[in-house]
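**Q** Spelled out, the chains give:
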Amino acid sequence: MTALPAVLPAVSRRPAGVVAAAVVLAAMAVAAIAAPLLAPYEPDAIDLSASLAGTSGTHLLGTDASGQDLLSRLLYGARTSLVAPVVLLAVAAMIGVSLGLLAAWHGGWVDTVVSRLTDVMYAFPGLLFVVLIIAVFGGGMTTSVLALGLAFAPTVAKYTRSVARAEIVKSYVDAYRVQGMGGFRICCGYVAPNLARSVVGYLVVLFGEALMSLATLSYLGFGAQPPSSDWGLMVQQGQASIVLGALLPALVPGVAIAVVVVSFNVVGVWAADRLGTRR
Amino acid sequence: MFPAAGRQVAGLLATLVVASFVIFGAVYAAPGDPAVFLAGGRDDLTPERLAVVREQYHLDEPFLAQYLHWLGNCLRLDLGRSFQYNDEVVDLLAARVPTTLALVAYATVLFVLFGVGAGVLGALRRGTWADSVLIGGTTLSASVPSFVAGIGLAAIFGVQLGWFPVTGSGEGFAGTLHHLTLPAVSMALGALAVISRVTRQTVVEAAGADHVLVARASGFPERQVVARHVLRNALAPIITMCGLVTAGMLAGTVAVETVFGLSGVGSLLVGAINGHDFPVAQAVLLLMVTGYIVITTAVDLAHPLLDARVKTARRVA
Amino acid sequence: MLDIENLTVHLPGAARPLLASVSLSIRPGEVVGLVGESGSGKSTTAKAVLGLLPSGAVAHGRVLLDGADVLTMSPADLRAHRRHSVAMIHQDPRAALNPVRRVGDFLVERLMPVHDKRSARARAVELLDAVGLSDPARRLRQYPHELSGGMLQRVVIAGALATRPRLLLADEATSALDVTTQAEILSLLDRLRTEHGLGLLLITHDLHLAAAMCDRVQVMYAGGTVEQQEASELFRSPAHPYTRGLLDCSPSLDATGLPPHPIPGQPPSLADEFPGCPFAPRCPLASADCESWTPVPAALPGGGTAACLQIPVRSA
Chain A
1 MTALPAVLPA VSRRPAGVVA AAVVLAAMAV AAIAAPLLAP YEPDAIDLSA SLAGTSGTHL
61 LGTDASGQDL LSRLLYGART SLVAPVVLLA VAAMIGVSLG LLAAWHGGWV DTVVSRLTDV
121 MYAFPGLLFV VLIIAVFGGG MTTSVLALGL AFAPTVAKYT RSVARAEIVK SYVDAYRVQG
181 MGGFRICCGY VAPNLARSVV GYLVVLFGEA LMSLATLSYL GFGAQPPSSD WGLMVQQGQA
241 SIVLGALLPA LVPGVAIAVV VVSFNVVGVW AADRLGTRR
Chain B
1 MFPAAGRQVA GLLATLVVAS FVIFGAVYAA PGDPAVFLAG GRDDLTPERL AVVREQYHLD
61 EPFLAQYLHW LGNCLRLDLG RSFQYNDEVV DLLAARVPTT LALVAYATVL FVLFGVGAGV
121 LGALRRGTWA DSVLIGGTTL SASVPSFVAG IGLAAIFGVQ LGWFPVTGSG EGFAGTLHHL
181 TLPAVSMALG ALAVISRVTR QTVVEAAGAD HVLVARASGF PERQVVARHV LRNALAPIIT
241 MCGLVTAGML AGTVAVETVF GLSGVGSLLV GAINGHDFPV AQAVLLLMVT GYIVITTAVD
301 LAHPLLDARV KTARRVA
Chain C
1 MLDIENLTVH LPGAARPLLA SVSLSIRPGE VVGLVGESGS GKSTTAKAVL GLLPSGAVAH
61 GRVLLDGADV LTMSPADLRA HRRHSVAMIH QDPRAALNPV RRVGDFLVER LMPVHDKRSA
121 RARAVELLDA VGLSDPARRL RQYPHELSGG MLQRVVIAGA LATRPRLLLA DEATSALDVT
181 TQAEILSLLD RLRTEHGLGL LLITHDLHLA AAMCDRVQVM YAGGTVEQQE ASELFRSPAH
241 PYTRGLLDCS PSLDATGLPP HPIPGQPPSL ADEFPGCPFA PRCPLASADC ESWTPVPAAL
301 PGGGTAACLQ IPVRSA
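Protein chains in written order, with full-length UniProt numbering: chain A, 1 to 279; chain B, 1 to 317; chain C, 1 to 316.
Pulled out of the complex, with its shape left as it was, chain A reads as follows (with noise of 0.2 Å):
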């Protein structure tokens, strides 16, 4: 997060569609942070003579099938839906940039048994790796997050490298060791900052990504579990009302999770060309 306060000012020099994502994803953090106030009602508030209501002023995005307000859960979703992506990628980052660079410091051996292992997990989609894990350990949102956090590992092994075989041929890194540094303290010190700004412009990139998976589970029942107002559990439970011709519940987080996906990926690509990502 140390790129934020460098990016945002120069957010307004960019084209209006880098602005307009910026502005709606900054209005999806402040709903999310201040969802219990600006919420009309409780996410989890059952009103059953309210079932399946249009858009009215009293309910501005509708009801479900329980009659719960759709404003408020999607208020209350944008919590689950925004952090869960963001802790999954730093877990996939700890493990990720660990292996990197412990693979690119090493070298021999140690970045032999790194590389093949990432070779290994390339070769299966990461989603029947993270399938086997929920139908193991059972589903659930913390099982999810980690599973899917190791998933997206072997990618961000696998660019840490390539980014850190770089950095460590510089000439400082020399300079520490002939002062006599150990190995661990000059990649700890000194080369993972000087790679923290383009690890984290390919972190942003996966933002997309790590949301649409997380989604995904949950809609499929292994992710966030009732009475949870997760978006990807929202469109699940709203999709049965469909066939009454009520599109409001499915369609409402549905297109929530699009345009945040849009959104970000609009700013994540225009972030990383400006933290020197490779791509």
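Worth flagging that the hints you see were computed from the coordinates, not collected in a lab.
Yeah, the Cβ is synthetic: ideal placement off N, Cα and C, and Gly gets one too.
There may be inaccurate statements among the hints.
[Said to hold, decoys possible] Quick look at which bits of chain B chain A covers, simulated, 3 or more residues with Cβ under 8 Å:
(1) 16-28
(2) 138-145
(3) 261-273
(4) 289-297
Here the structure of chain A is known, so what remains is to put chains B and C in place on it, guided by the hints.
**A** Okay, now just chains B and C, sitting in the frame of chain A:
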């Protein structure tokens, strides 16, 4: 070429062994008694039932022996019994594989046609408004998860307009096509961006090559120049990418089959996990991983046929 | 056969024209050399003969091939012209051939409209044989990366001959080859020229090569012609200071013992604008007048012309 192909097939087998080992070994990662886990972990398990499971999975033997028994059974298409459906797993799969294959094939046709088409159009009309619209549109479509796209399409074209059925997989070729259109479109949408982007870039690169100018200077008609000297050269990377995306779609069926209530392999997997039917989940995962690895290896093997330089490079390597 | 008359090509955004009033003519069986540093407009001149100017370029003047102006041809006529009348041999044969197609495809594609598939292959074998490639039938099935640069250039020449053109444009056709191969390719070109009565435009930066091969040599600088003479005459008495500078650049084998003498400064880019003679900034003889004098070709005693203020003008 043959030693190289042999190496790739050996790599395929090695990856399959690793995958099957992980899928089998996952049983032991689960908390508690593996026999209880494999039997569905229900409370009303009788000692006899557990004994049958122990017998079937050779749980009293060493771990490696269990794995080899299991692998041997898989190769003989004996995938165990489903506790949820009380049926042979292989029969369950056989009944559901055609739907999934039809869905993936249909989605592949769609994304190849429209993705490659959009990419070629964007490359040849680079910098025009059509190019910008294509880039914007495909980027947008890639930002919508397939289950959201599926629900949106079902709501609009299924429920509101009534053009397409929103559930089931239909009878006969026309019926299947009709039923699978919305699911296939929802899967293809996400692939459009990556395919059109790869196509656009490789076509732009191929069109900038000197030999294209030479062909043009030789007075060949523009269509011939584009077909034989631009598209032909861009083919290898495009086909590789299409193969990867198709392979990935095997896993993508999990979400889309659930949206449209299709009884394919993907929805079988979801049902198996929710019903703690681990033998079925194992079988489906093994099948999907095998399909994925086979497709990606096939694409790899096809590469030298499209670009002779690869063949030489591999022979030398 | 080829007559380029006062060809001027402007590119939007460039400070000077790509080509400034270039005239050039080639008769059947004649070899004309076009010499100059990179960026002097040699290649642009050759491309203009094929009607392949950069997009957005505006051309004035005429490029006549047997009386037909290439610049005003309809797209269909232009394609026919590129197909049948002129063929170009490029600097790098490896880049000129499509790497994913076979050598045979390269030749057959050029023979196809006239021949059916089988006779096209037979003719392709004949062509490869004619350019001196061993085992031609096997070569057809090979890919470009399986052949050496010299062999590939022979393939390219075979391809150029496929449509029986009357004019060959050789754009640095031997620069990418090693010296012995270079000599072989040059003698091949010379033999083909005499056998088929081809006109040959030889573009090169190597004045010695041009002198050995050409009947006439035209020296270009910054898009304009600075001098043109009979090859032997140009060598004996180079008139333009730039020509002399080029000759001094190459190490000579005679006993003068003088080291090569580079021309000071850089070849001009498209961003450089010249109020007067473009060579003036680098010219050892330049006077103040040169800065404002627009070069006009003046006749030389031995025939030919040179565009330099410092040459005493003699009435032609």
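**Q** Three residues minimum, CB to CB under 8 Å: does the stretch 261-273 of chain B make the cut for coverage by chain A? Let me know.
**A** holds (count 4)
**Q** State whether the coverage of the stretch 289-297 of chain B by chain A holds or is violated, taking the criterion as 3 or more residues with Cβ-Cβ distances under 8 Å.
**A** Three-residue rule met by the stretch 289-297 of chain B, so holds; n is 4.
**Q** Quick one: see if chain A covers the stretch 16-28 of chain B, three-plus residues with Cβ-Cβ under 8 Å.
**A** holds (count 6)
**Q** Against chain A, does the stretch 138-145 of chain B show at least 3 residues with beta-carbon separation below 8 Å?
**A** With 6 residues closer than 8 Å to chain A, the stretch 138-145 of chain B meets the three-residue bar; holds.
Checked against the numbered hints listed earlier, the structure breaks none of them; every hint is satisfied.
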